[in-house]
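Colleague: Take a look at the letters that make up each chain.
2 protein chains.
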Amino acid sequence: MLDSTLADQTQAFLDDFGTALEQGDIGKACELFQDDCYWRDLVTFTWNLKTIEGKDAVADMLTHQLATTKPKGWKLAEGEIPSEEGGVTTAWIQFETEAAQGYGLLRLKDGKVWTLLTTMVELKGHEEPAGFNRPLGAKHGAGKHRETWAEERARELAELGHTTQPYCLIIGGGQGGIAMGARLRQLGVPTIIIEKNARPGDSWRNRYKSLALHDPVWYDHLPYIKFPENWPVFTPKDKLGDWLEMYTKVMELNYWTDTIAKSASFDAEKQEWIVVVDRDGEEITLRPKQLVMATGMSGKKRMPDFPGMDSFKGVQQHSSEHDGPDQWAGKRVVVVGSNNSAHDICAALWEHDADVTMLQRSSTHIVRSDSLMEIGLGALYSEEAVRNGVTTEKADLIFASLPYRILHEFQIPAYEAMKERDKEFYDGLEKAGFWLDWGDDGSGLFMKYLRRGSGYYIDVGASQLIIDGKVKLKRGQVKALDETGVILDDGTHLAADLVVYATGYNSMNGWVADLMGQDMADKLGKCWGLGSDTTKDPGPWEGEQRNMWKPTQVPNLWMHGGNLHQSRHYSQFLALQIKARMEDIATPVYGLQDVHHLN
Amino acid sequence: MLDSTLADQTQAFLDDFGTALEQGDIGKACELFQDDCYWRDLVTFTWNLKTIEGKDAVADMLTHQLATTKPKGWKLAEGEIPSEEGGVTTAWIQFETEAAQGYGLLRLKDGKVWTLLTTMVELKGHEEPAGFNRPLGAKHGAGKHRETWAEERARELAELGHTTQPYCLIIGGGQGGIAMGARLRQLGVPTIIIEKNARPGDSWRNRYKSLALHDPVWYDHLPYIKFPENWPVFTPKDKLGDWLEMYTKVMELNYWTDTIAKSASFDAEKQEWIVVVDRDGEEITLRPKQLVMATGMSGKKRMPDFPGMDSFKGVQQHSSEHDGPDQWAGKRVVVVGSNNSAHDICAALWEHDADVTMLQRSSTHIVRSDSLMEIGLGALYSEEAVRNGVTTEKADLIFASLPYRILHEFQIPAYEAMKERDKEFYDGLEKAGFWLDWGDDGSGLFMKYLRRGSGYYIDVGASQLIIDGKVKLKRGQVKALDETGVILDDGTHLAADLVVYATGYNSMNGWVADLMGQDMADKLGKCWGLGSDTTKDPGPWEGEQRNMWKPTQVPNLWMHGGNLHQSRHYSQFLALQIKARMEDIATPVYGLQDVHHLN
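Top to bottom, those sequences are chains R and L.
For the first sequence, the positions run 53 to 651 when our numbering is used.
For the second sequence, the positions run 53 to 651 when our numbering is used.
Any given hint might turn out to be false.
Note that identical chains are pooled: a pair holds if it fits in a single copy or bridges any two copies.
To be verified - Lysine to aspartate or glutamate pairs mimicking EDC-like chemistry, simulated, CA-CA at most 16 Å apart:
(1) Lys446 with Asp108
(2) Lys314 with Asp112
(3) Lys483 with Asp541
(4) Lys196 with Asp407
(5) Lys191 with Asp422
(6) Lys196 with Asp405
(7) Lys196 with Asp636
(8) Lys191 with Asp267
(9) Lys196 with Asp378
(10) Lys471 with Asp87
(11) Lys483 with Asp520
(12) Lys314 with Asp330
(13) Lys196 with Glu74
(14) Lys383 with Glu281
(15) Lys196 with Asp520
In case anyone wonders, no lab produced these hints; they're calculated from the structure.
Build out the structure end to end from the sequences listed, making use of the hints.
Modeller: Put into structure tokens, the structure is as follows:
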């Protein structure tokens with residue numbers, strides 16, 4: 053009975069809200085928001101990814117967008133009932149706009165909006181062929197000279213990029229490019245994905261051999277085909293490679309392997325890109341209308357420039373090129389860096405009897421994998437969550453509904469709990485000389501990931517090796533290299549046969565500079581980060597990840613990247629933005645972001 | 053409230069039943085059955101696939117099996133509530149035995165069992181690693197010289213069949229072998245699948261080019277990984293081939309391509325098979341304990357032996373070898389046969405401008421695809437069914453719960469309805485001279501499939517070509533061939549450049565004869581058919597499909613086959629039977645079938 057009342061109350065609220073919007077009464081609509089409110093819109097009202105903060109900002113957005121959005125039909129989502137906890141009513145909602153079907157999550161405090169998430173599900177008239185609308189496959193009836201599925205597919209592969217042009221070109225065929233390509237294919241957007249490696253999945257296979265996902269399976273699903281029930285919690289890299297390869301095949305992606313983009317420029321007259329690619333030795337010029345960079349948010353390696361690197365007689369590798377521990381038994385290895393890759397590589401080298409030293413140059417945030425799973429992710433992404441009805445899709449939306457401005461406030465208590473739970477572990481690390489941090493404001497791993505994309509290790513075993521002194525730890529800065537090793541700023545000399553630079557990655561912006569020139573990269577500006585004014589994430593506040601999955605100052609250029617979760621979730625919204633443009637649906641962008649930082 | 057009472061009543065019944073069984077009071081247990089009852093057991097009580105018909109038979113089975121089965125814990129299945137319709141109460145149930153967890157479907161009439169389905173879900177202590185028990189994947193902690201997933205897998209592939217022996221060998225890598233291999237892998241049974249073709253899926257790819265599944269997607273799922281929401285209703289053959297190939301890879305099956313079994317014999321002393329295979333030119337002797345024939349229930353082509361075949365100057369092909377219509381434009385083709393393949397091949401040839409004649413030698417059952425989907429399958433296997441909560445797994449159990457003895461009674465009305473609905477269509481066919489039937493008792497397609505595995509066409513378009521005279525139809529018998537064509541018993545001469553023999557397939561028993569000799573094949577006897585004493589399914593009544601997925605008169609030899617539905621559903625029970633033997637769990641077989649027909 054309580055739920056029924058709550059449902060009635062919430063539906064009444066939605067009726068009021070819908071009526072105000074349909075009447076164009078922005079003042080009345082805004083009265084239904086708390087002063088201190090957050091409306092995160094993923095493409096439905098703003099044709100942007102935008103968190104609108106505060107009632108005045110809501111009024112401004114509606115003033116610009118309401119007339120073209122024409123929202124209506126606000127109601128409690130089918131099969132869902134609202135819940136109430138701590139004075140906050142939470143409800144799954146659905147609605148529609150002139151162009152699209154929407155779905156969202158509403159939180160009310162004192163009968164007014166505290167947070168509102170609105171997301172685009174599908175464009176009207178351009179729904180994906182699935183479920184009741186799935187394709188027939190076999191061609192019933194009879195007709196002269198009909199093509200079979202295999203013949204059609206072979207023709208498409210032969211023609212696209214040659215006699216016909218893709219509407220969209222995706223540069224980079226890792227999980228980001230693949231998930232995006234799958235969405236676009238389902239939306240009927242002719243797309244080519246180009247990938248420098250020989251097989252889909254090689255971007256994973258080519259990494260160091262001990263690599264496995266640090267995120268658990270429930271967090272990692274691709275769109276359309278979920279990992280099965282028997283899939284491991286933490287996918288080993290080669291197994292993920294195989295999955296991506298099969299996915300690319302069965303989702304019928306136009307995926308060009310052994311292909312490198314050599315240059316790209318925008319033909320302003322024809323409003324299309326001119327992209328020159330090398331496909332296994334053959335130079336081909338593609339002319340897509342839309343260009344998606346999916347080259348990896350962690351794809352452009354950052355190599356340091358220390359004096360004497362050229363005089364070092366041993367081997368030097370960036371972590372992304374490290375070939376694994378097998379040949380380094382009995383050899384001395386210095387690993388520069390103390391984040392995920394550094395830890396994984398150190399542990400594997402120790403396992404194969406190398407003499408390993410980790411060089412820590414700055415503080416690092418460490419959480420133990422099991423604690424992170426239980427405390428940090430369990431409620432949304434776990435077997436328990438799935439059994440409780442929190443599907444991956446729902447979890448994504450719940451996570452998306454927490455405004456970035458206050459997300460750290462939800463995160464801090466979780467990390468406090470981990471600190472307490474694993475006190476002995478952290479004491480051991482500090483005793484071993486490890487320099488720990490918890491993020492500038494104690495908000496831990498996810499915020500670090502969202503703000504700067506670096507600075508942490510999810511412990512799966514290497515920390516104990518450091519605590520036990522099996523992997524040696526040194527703190528300091530590299531002054532130089534000489535013929536035999538690494539010289540630190542305190543004068544220490546670390547003799548080495550191999551130096552691994554686990555020194556991280558540069559902004560995706562660097563890919564744009566390489567491909568289109570520095571001017572274009574500067575016009576685009578820095579990618580990633582929220583503008584939180586914390587370490588490596590300079591302000592001003594942007595409130596969404598800079599330049600990711602949304603319109604930028606460079607028309608028809610889109611940045612896509614991140615972990616499997618982001619590749620899955622944001623590809624939905626990026627694909628809909630691109631499809632709308634292909635179909636000449638009006639896409640008035642609200643709040644296009646400015647460029648504040650060049651890289 | 054009604055449901056709650058029904059649930060209470062049904063649980064009370066289960067309590068009585070459970071108590072009688074636990075007390076070993078077979079008389080009391082039998083009193084809870086109608087005289088006219090059916091208990092279909094899939095492995096839990098009988099270690100067999102067995103339909104026990106009538107109260108006396110139930111008493112006999114329990115007398116033999118109750119003491120070792122030790123069933124208990126009979127209750128309404130979690131999350132399910134019973135329903136009542138037309139005096140029949142239907143309830144999903146769960147229970148356990150000494151060895152296993154069971155699940156079933158109970159139908160009560162007047163408070164007594166009318167039908168009971170009991171199926172084995174998992175062996176206690178040998179549950180599949182899935183869901184909460186899924187493998188960790190990454191290896192947390194650290195250890196000297198640990199293997200990575202890729203290294204372990206490479207070692208397994210290098211060793212199995214060479215320095216270590218598979219517990220089970222599956223001959224044939226189509227959907228049957230693949231589904232079975234996947235189940236066995238999840239159960240930890242070391243298994244090799246051998247396949248004569250170069251790639252998984254080639255058994256489909258190599259067929260005539262217009263082939264698509266005639267069964268819809270909801271009926272076709274493999275275990276563990278379902279076809280996605282966007283998958284076509286009727287999968288084109290090459291697309292299915294790609295799916296099977298990816299499935300084989302990501303399920304980590306030990307799948308030997310280009311491999312042919314040359315001979316197999318049973319070493320009675322060591323209680324293992326000696327199977328000599330040719331793997332891409334290399335002769336390897338395998339010594340598995342269990343041998344599964346998955347060479348295809350429709351795999352052994354039946355070629356007719358007409359006088360003059362060797363004098364014909366044109367091309368002769370069995371339908372399974374037909375290479376498609378492309379090269380036959382303007383040529384004359386005679387297709388001998390009038391079932392599925394014959395129709396598909398005729399239509400494709402007409403589409404490519406061949407001059408085609410279908411030769412109908414016996415009556416054929418035809419149903420239109422859309423009618424079959426709606427009337428025949430819709431309640432169990434359709435998008436509608438899925439939305440109504442009838443998952444494929446549930447549909448399989450509901451279908452399995454209908455006793456073969458009376459299944460035709462449920463089928464007849466559906467085909468009566470189709471006959472009515474498509475009257476004009478059937479009139480057109482008869483007018484065109486087509487010789488129709490509806491099965492000996494009017495029970496239609498499924499019964500024909502289960503009884504004889506042949507004799508029908510699911511119309512996807514070819515029938516209209518026959519009605520329109522575009523594909524010519526001739527009725528009669530082949531008397532002989534001469535240099536230029538086919539001579540019929542009425543003296544007609546059909547000139548031909550190509551003769552396609554769509555003359556069907558022989559019993560899987562023939563594979564056994566080829567591989568192990570005729571004695572072994574005779575010891576095994578005929579495979580498939582129910583013993584219904586209808587055309588091509590001679591009695592006596594067996595009540596289950598002869599020799600399929602269950603113990604036979606040849607120990608350690610198992611026959612697996614059928615469509616995608618059967619490959620999925622019965623592989624579960626066959627895999628559990630094999631796993632139990634590997635783990636030395638007692639498997640006292642009740643009602644081992646006799647051999648009544650040699651082939």
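Colleague: Each hint: holds or not?
Modeller: Hints, verified against the model:
1. Lys446 with Asp108: neither (29 Å within a copy, 53 Å between copies)
2. Lys314 with Asp112: This pair counts as neither: shortest intra-copy Cα distance 43 Å, inter-copy 78 Å.
3. Lys483 with Asp541: neither (22 Å within a copy, 97 Å between copies)
4. Lys196 with Asp407: between (71 Å within a copy, 13 Å between copies)
5. Lys191 with Asp422: Between copies only: 13 Å across, 51 Å inside.
6. Lys196 with Asp405: Classified as between: cross-chain Cα gap 8 Å, same-chain 68 Å, threshold 16 Å.
7. Lys196 with Asp636: neither (35 Å within a copy, 60 Å between copies)
8. Lys191 with Asp267: Cα proximity of lysine 191 and aspartate 267: across copies only (13 Å, versus 42 Å in one copy).
9. Lys196 with Asp378: Result: close only across copies, 12 Å inter versus 60 Å intra.
10. Lys471 with Asp87: neither (35 Å within a copy, 68 Å between copies)
11. Lys483 with Asp520: within (10 Å within a copy, 89 Å between copies)
12. Lys314 with Asp330: within (7 Å within a copy, 47 Å between copies)
13. Lys196 with Glu74: neither (52 Å within a copy, 67 Å between copies)
14. Lys383 with Glu281: Close neither inside one copy (42 Å) nor across copies (52 Å); limit 16 Å.
15. Lys196 with Asp520: Intra 75 Å, inter 15 Å, cutoff 16 Å: inter-copy only.
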